[in-house]
Amino acid sequence: MPEREVDLTRVRPYADHLGDGLVQMSFTLPVPYSLAARRAALELASAMGFEEPEVVHYEQLTPGYTYFVMYVRCAATVDFASLQEEGFDIEYLSEDEIETFAAEHVRRPIVVVGASTGSDTHSVGIDAMLNLKGYHGHHGLEGYRAFETYNLGSQVPNAALLAKAIEVGADAILVSQTVTQQNLHVQNLTELVEMVEAEGRRREVILACGGPRVTNELAKELGYDAGFSKGTYPHHLASFIVRELAARAAVPR
Amino acid sequence: MLLSELTRAAPRLALVGLAKNTGKTVTLNALLAELSAAGTPVGVTSVGRDGEQHDVIDFRIDKPRVRLEEGSLVATTDALLSASGTGHELLDRTGIGTPLGEVVIARLLSAGEVEVAGPSAAQDARAMADAMLAHGAEQALIDGAIDRRAASSPHVADGLVACTGAVLSEDVHEVVARTREAIELVRLPTLAADGPLGAAAHALALAGSEHGAAVLSADGAGAALLPARYALTAQAAEIAALLAEHRDAAAIAVSGALPESFVRDVALAARRSRREITLVVADATHVFVHERGVEHYRAQGVRLAVLAPIDLLALTVNPVAPQSHSFDSARLRDLLSEEIAGVPIFDVLHPSYRGAQPPVSRALRSRP
Amino acid sequence: MSAEARSKLDLDPGVVNACRQAAHQIAEQVTEQIAGMTTVSVERSVTRLLGIDGADEHEVPLPNVVVDQVQAAGGLDRGVAFWLANAIIQTGRSPQQIAEAVAADDLDLCSLQVADEHQIRERAREECAARLAQISERFAERRAWREQLGEAPTPLRYVLTATGNVYEDVVHARAVAEAGGDIVAVIRSTAQSLLDYVPYGPTTEGYGGTFATQANFRIMREAMDEFSREHERYVRLSSFCSGLCMSEIAAMGAWEGFDNMVNDALYGILYRDINIVRGLLDQRVSRMINGYFGVVINTGEDNYLRTADAIDAAPSVTASQFINHQLARESGVPDAQIALGDAFEIDVPVTNGLLYEWAQAQLTRELFPDCPVKYMPPTRHMDGNLFRTHAADSLFNLVTVATGQGIQTIGVPTEGIFTPHIHDRVLGLQNVAYVFNAARDLGDEIEFRRGGIIQTRAHEVLAGARALLERIADEGLIDAIAQATFGDVSRRRDEGRGIEGIVTVADGYLNPLVDLMREASYA
Numbered sequence: 001m002p003e004r005e006v007d008l009t010r011v012r013p014y015a016d017h018l019g020d021g022l023v024q025m026s027f028t029l030p031v032p033y034s035l036a037a038r039r040a041a042l043e044l045a046s047a048m049g050f051e052e053p054e055v056v057h058y059e060q061l062t063p064g065y066t067y068f069v070m071y072v073r074c075a076a077t078v079d080f081a082s083l084q085e086e087g088f089d090i091e092y093l094s095e096d097e098i099e100t101f102a103a104e105h106v107r108r109p110i111v112v113v114g115a116s117t118g119s120d121t122h123s124v125g126i127d128a129m130l131n132l133k134g135y136h137g138h139h140g141l142e143g144y145r146a147f148e149t150y151n152l153g154s155q156v157p158n159a160a161l162l163a164k165a166i167e168v169g170a171d172a173i174l175v176s177q178t179v180t181q182q183n184l185h186v187q188n189l190t191e192l193v194e195m196v197e198a199e200g201r202r203r204e205v206i207l208a209c210g211g212p213r214v215t216n217e218l219a220k221e222l223g224y225d226a227g228f229s230k231g232t233y234p235h236h237l238a239s240f241i242v243r244e245l246a247a248r249a250a251v252p253r
Numbered sequence: 001m002l003l004s005e006l007t008r009a010a011p012r013l014a015l016v017g018l019a020k021n022t023g024k025t026v027t028l029n030a031l032l033a034e035l036s037a038a039g040t041p042v043g044v045t046s047v048g049r050d051g052e053q054h055d056v057i058d059f060r061i062d063k064p065r066v067r068l069e070e071g072s073l074v075a076t077t078d079a080l081l082s083a084s085g086t087g088h089e090l091l092d093r094t095g096i097g098t099p100l101g102e103v104v105i106a107r108l109l110s111a112g113e114v115e116v117a118g119p120s121a122a123q124d125a126r127a128m129a130d131a132m133l134a135h136g137a138e139q140a141l142i143d144g145a146i147d148r149r150a151a152s153s154p155h156v157a158d159g160l161v162a163c164t165g166a167v168l169s170e171d172v173h174e175v176v177a178r179t180r181e182a183i184e185l186v187r188l189p190t191l192a193a194d195g196p197l198g199a200a201a202h203a204l205a206l207a208g209s210e211h212g213a214a215v216l217s218a219d220g221a222g223a224a225l226l227p228a229r230y231a232l233t234a235q236a237a238e239i240a241a242l243l244a245e246h247r248d249a250a251a252i253a254v255s256g257a258l259p260e261s262f263v264r265d266v267a268l269a270a271r272r273s274r275r276e277i278t279l280v281v282a283d284a285t286h287v288f289v290h291e292r293g294v295e296h297y298r299a300q301g302v303r304l305a306v307l308a309p310i311d312l313l314a315l316t317v318n319p320v321a322p323q324s325h326s327f328d329s330a331r332l333r334d335l336l337s338e339e340i341a342g343v344p345i346f347d348v349l350h351p352s353y354r355g356a357q358p359p360v361s362r363a364l365r366s367r368p
Numbered sequence: 001m002s003a004e005a006r007s008k009l010d011l012d013p014g015v016v017n018a019c020r021q022a023a024h025q026i027a028e029q030v031t032e033q034i035a036g037m038t039t040v041s042v043e044r045s046v047t048r049l050l051g052i053d054g055a056d057e058h059e060v061p062l063p064n065v066v067v068d069q070v071q072a073a074g075g076l077d078r079g080v081a082f083w084l085a086n087a088i089i090q091t092g093r094s095p096q097q098i099a100e101a102v103a104a105d106d107l108d109l110c111s112l113q114v115a116d117e118h119q120i121r122e123r124a125r126e127e128c129a130a131r132l133a134q135i136s137e138r139f140a141e142r143r144a145w146r147e148q149l150g151e152a153p154t155p156l157r158y159v160l161t162a163t164g165n166v167y168e169d170v171v172h173a174r175a176v177a178e179a180g181g182d183i184v185a186v187i188r189s190t191a192q193s194l195l196d197y198v199p200y201g202p203t204t205e206g207y208g209g210t211f212a213t214q215a216n217f218r219i220m221r222e223a224m225d226e227f228s229r230e231h232e233r234y235v236r237l238s239s240f241c242s243g244l245c246m247s248e249i250a251a252m253g254a255w256e257g258f259d260n261m262v263n264d265a266l267y268g269i270l271y272r273d274i275n276i277v278r279g280l281l282d283q284r285v286s287r288m289i290n291g292y293f294g295v296v297i298n299t300g301e302d303n304y305l306r307t308a309d310a311i312d313a314a315p316s317v318t319a320s321q322f323i324n325h326q327l328a329r330e331s332g333v334p335d336a337q338i339a340l341g342d343a344f345e346i347d348v349p350v351t352n353g354l355l356y357e358w359a360q361a362q363l364t365r366e367l368f369p370d371c372p373v374k375y376m377p378p379t380r381h382m383d384g385n386l387f388r389t390h391a392a393d394s395l396f397n398l399v400t401v402a403t404g405q406g407i408q409t410i411g412v413p414t415e416g417i418f419t420p421h422i423h424d425r426v427l428g429l430q431n432v433a434y435v436f437n438a439a440r441d442l443g444d445e446i447e448f449r450r451g452g453i454i455q456t457r458a459h460e461v462l463a464g465a466r467a468l469l470e471r472i473a474d475e476g477l478i479d480a481i482a483q484a485t486f487g488d489v490s491r492r493r494d495e496g497r498g499i500e501g502i503v504t505v506a507d508g509y510l511n512p513l514v515d516l517m518r519e520a521s522y523a
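These protein sequence lines are chains A, B and C, in that order.
Number 54 in our numbering belongs to position 54 of the first sequence; there are no gaps in the numbering.
Number 17 in our numbering belongs to position 17 of the second sequence; there are no gaps in the numbering.
Number 236 in our numbering belongs to position 236 of the third sequence; there are no gaps in the numbering.
Chain A with its partners taken away, still in its complex shape:
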């Protein structure tokens, strides 16, 4: 079969062959299990803009609630080429490159204080980034010579995180937010950045946040220097911090 060029200005989902646009989705509707419920799911999919909706499975969860698994065809396309041009991707350094870069450009231990803040009990994210053990075979920042790390764990009040950061003269504060119900993560993250402002430290410290629903765009809107989502490894974070510190050292403010 001849190789076909993918049109990166008009990309749609790929399932079986190029351009088929097939999407799998599942959801629950708060309606009684019935043929009418099935009809409702099909109509809803059409209202979402999908074509050729198909319910492959549906069942009652409890009276008044019906669960659906569907396949639908997505006619919409996305312009991948233009997204690439906006250059949101960061180029990452390897662990060794980070050590070398830090030794050349920063020339002192980089102090990083991290926590999962507010009422968030999940320490998995912050542990993966900071602890020696790291994540999927990549050391956390504790394992680098270039970094001096303080992992305060979970359920840390913003005030306590900030106090520790000031105490140890942190170069970077790293916040992890896993619980996103009712956008709690946004409130927590906002409060921290505003507290850093109130303490007059915003320019001195790199603020980074991470979590399953944190994006770089959200980070910017919240006033952070960077946001890291799922799929982030410690060396991604480390690359950002050493580069940012070097850049700040180059442009004194």
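Incorrect hints may have been included.
No farther apart than 25 angstroms at their CA atoms in a straight line, the calculated lysine to any residue pairs in the SDA-like style are these [unchecked claim]:
id, chain 1, residue 1, chain 2, residue 2
1, A, Lys133, C, Asp312
2, A, Lys133, C, Leu354
3, A, Lys230, C, Leu386
4, A, Lys164, B, Arg93
5, A, Lys133, C, Pro349
6, A, Lys164, B, Ala341
7, A, Lys230, C, Val350
8, A, Lys133, C, Val348
9, A, Lys164, C, Pro349
10, A, Lys133, C, Asp507
11, A, Lys133, C, Arg233
12, A, Lys164, A, Asp96
13, A, Lys230, A, Ala103
14, A, Lys164, B, Val289
From the derived model, a few chain C residues whose C-beta atoms are all more than 10 angstroms from chain A [claimed, not checked]:
id, residue
15, Glu117
16, Thr154
17, Asp383
18, Ile453
19, Glu495
Derived Cβ-Cβ restraints for the label pairs, each shown as a range [what the hints assert, rightly or not]:
id, chain 1, residue 1, chain 2, residue 2, range
20, A, Ala40, C, Glu205, 25 to 31 angstroms
21, C, Asn352, B, Gln235, 45 to 51 angstroms
22, A, Pro13, C, Leu149, 47 to 53 angstroms
23, A, Pro30, C, Glu232, 57 to 63 angstroms
24, A, Pro30, B, His290, 28 to 34 angstroms
25, A, Thr9, B, Gln235, 42 to 48 angstroms
26, C, Arg518, A, Arg145, 54 to 60 angstroms
27, A, Glu51, C, His58, 55 to 61 angstroms
28, A, Ala81, B, Asp78, 18 to 24 angstroms
29, A, Glu59, B, Ala341, 36 to 42 angstroms
Source of the hints: derived by calculation from the structure; they are not laboratory data.
Backbone N, C-alpha and C define an ideal beta-carbon position, used for all residues, glycine too.
Given the coordinates of chain A, work out where chains B and C should sit on it, guided by the hints.
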């Protein structure tokens, strides 16, 4: 009176929303349109992002774009400026990096829609405003982000337009109550520098943040300095012991952030010892109370006061919560004005508002 | 829960015995180290068991109002029961009326005239005994009903709900009960473990869970009872006796007829930085309450594996099971009510990971044949790839049924993404139903190769646990925790949250509830 006339006296004007989707960008566009009609050269920056296509948290929500006239100044990132396709003259490179690129200051050579994402640090936002004023803008507009308040600090902006809306709650009375609490926080009483307490607190502020906090007696004498980071770290027992030790303490001045845990613990100690304590901060952006309003703490014996007031010039209202519910605009404004005195309240999209209509699609705010 | 006919793992009874002895020694040391102390939350649970409920105008719960007043007056070392009984004698009012008067600033408990000490003791004991009898009666009715409907076959399926809104929790709970859930647990709002009070009234806003309040308990209980009546299948309810209000929540759960309770201080000590002495004091009384009323407690060993490596930390899990078992027994909890914790947390790429899990699960069963055990699903290494999680859960379900665990917290495909949605929990239950049914008697058919991977692994873990237990017996549990023995987390005796709530008791300290419950457990 038009919003732009009401805010003209503030060369650096901050726009702050009480939450996302309270109509900050719509208000910004209304101001820009009015200033353009009056021929006033203007500069714009944002501590978040403005004019982006979709809401960053809820992708379903389409956002209004920011429309700037030819000759306007803007502080945004180089990447966003080139993405806008609008012709511009680069005035300054700032060296300030953001997740969306380096912030630059530019003058637009033609009118266009630009996504505005300036520096997020309040101090840097102030610097952008000053630079744009120096480059010939008569007014610099500093747009907030989400519900961040730092840009409204009197050390950053000369005046504030606050934005509220239906998005705060499905219950209109709850919207009013929460707005009242937020406005109360903005307008905390100011300690006069010539009063004894005010003088002592100002003196502490001048001493800098090294000391962090101090206990003051009512006559301003006998100030005792507290350990560094006191308000961030002190526990309930420590605070109770502090008040027990300083029997004549009338106030605690805090140079940095005042977290709710501290306010709560002071309130507990004050209530138990049946005393009244004033907590003094530099300005209202240093106060972090979310769970309870100012009034709740006042009832428990804790008053909050500031050294520098925020000049609240107007309150704008978005009666529509995107993807959800909406209220009658006039009723919402009436209810608000009953509860909040001394500030003009506008809905810049309402037919009764006689300002220049901003060039955004009404579909974004379709009413039932 | 029937014991396995004979060991599949060929464990050395001498080693097992050494473990038990060391654990017994550790538990006795703990009892000595926390003797002569009480806590504000233990005292508040006394007020709750005496019927005090509600909140003042500042939304401070009345149990806190009463205990705070006595503590501020320096009287807590006599026990709040002493002052309440005295006030009953002096004013003729009920405990609730007394609490309301304290809240209204009309009554100062410690400045009332003090009656004859003997009379106070008698009165306190009478009030407490009457109240315990009243709660026991409710429990007896519930137990009879549960037995009449018949208990589900083990492993019981333990399912969580966590919407933050108690009324949504009811919808989720009904759905999971319908899909075969045997025990429903409402996860608490993430911040609650650090609150030194129990919020009052029904709540509709919580994060990562719903506040444990007496009103929320009642709403869930009524909904599940209704389900049980309609379907003639008893659905158990569970919550969390943990955090700074362990013993108060035990008192609330007892009154509302909860069947199970997560009840482990070590979780709060390690992961919420609750002071270790405070935690152990609160744990002792909360377990006493749960033991007395027939509530099954769940311990939290599974959590260590969320922060420490599951292979390296396995001996610490086993060691902790031995210790928790002894501590629970010291609080009067019988084996049938001690569901020790364990989890299926080995990272996915580990070759033969399933065999190691099998060894650990079987080991737990053989070491504690009369304890139900609560077996937890993989969470730590689960991520956004929900299909992989679903596959891992199938293996977890297989090990659960084949090793005959008493209670299984079901795995949910969207673990690690967000608080699972209603259908995610149902999908998890369907996976459980499929595997439990398909492999129902697998365990009876299996023997392990002598000296094979599974036996060897079990022996190694047990030997590791023994070494650890003997070390802890030498240095004491509190020092061992300071040295990061559990979950790679270190906590010191003189640090941590809630330390200010510990009170050294005076001669004549009065807590008739503890006395009565202790007498019953040794009767």
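So, going through the hints one by one against the coordinates:
| no. | hint | verdict |
| --- | --- | --- |
| 1 | A/Lys133 - C/Asp312 | holds, 13 angstroms |
| 2 | A/Lys133 - C/Leu354 | holds, 22 angstroms |
| 3 | A/Lys230 - C/Leu386 | holds, 14 angstroms |
| 4 | A/Lys164 - B/Arg93 | violated, 34 angstroms |
| 5 | A/Lys133 - C/Pro349 | holds, 16 angstroms |
| 6 | A/Lys164 - B/Ala341 | violated, 41 angstroms |
| 7 | A/Lys230 - C/Val350 | holds, 22 angstroms |
| 8 | A/Lys133 - C/Val348 | holds, 16 angstroms |
| 9 | A/Lys164 - C/Pro349 | violated, 37 angstroms |
| 10 | A/Lys133 - C/Asp507 | violated, 51 angstroms |
| 11 | A/Lys133 - C/Arg233 | violated, 46 angstroms |
| 12 | A/Lys164 - A/Asp96 | violated, 29 angstroms |
| 13 | A/Lys230 - A/Ala103 | violated, 29 angstroms |
| 14 | A/Lys164 - B/Val289 | holds, 21 angstroms |
| 15 | Glu117 | holds, 44 angstroms |
| 16 | Thr154 | holds, 24 angstroms |
| 17 | Asp383 | violated, 7 angstroms |
| 18 | Ile453 | holds, 24 angstroms |
| 19 | Glu495 | holds, 13 angstroms |
| 20 | A/Ala40 - C/Glu205: 25 to 31 angstroms | holds, 30 angstroms |
| 21 | C/Asn352 - B/Gln235: 45 to 51 angstroms | holds, 49 angstroms |
| 22 | A/Pro13 - C/Leu149: 47 to 53 angstroms | holds, 49 angstroms |
| 23 | A/Pro30 - C/Glu232: 57 to 63 angstroms | violated, 26 angstroms |
| 24 | A/Pro30 - B/His290: 28 to 34 angstroms | holds, 31 angstroms |
| 25 | A/Thr9 - B/Gln235: 42 to 48 angstroms | violated, 59 angstroms |
| 26 | C/Arg518 - A/Arg145: 54 to 60 angstroms | holds, 56 angstroms |
| 27 | A/Glu51 - C/His58: 55 to 61 angstroms | holds, 58 angstroms |
| 28 | A/Ala81 - B/Asp78: 18 to 24 angstroms | holds, 20 angstroms |
| 29 | A/Glu59 - B/Ala341: 36 to 42 angstroms | violated, 57 angstroms |
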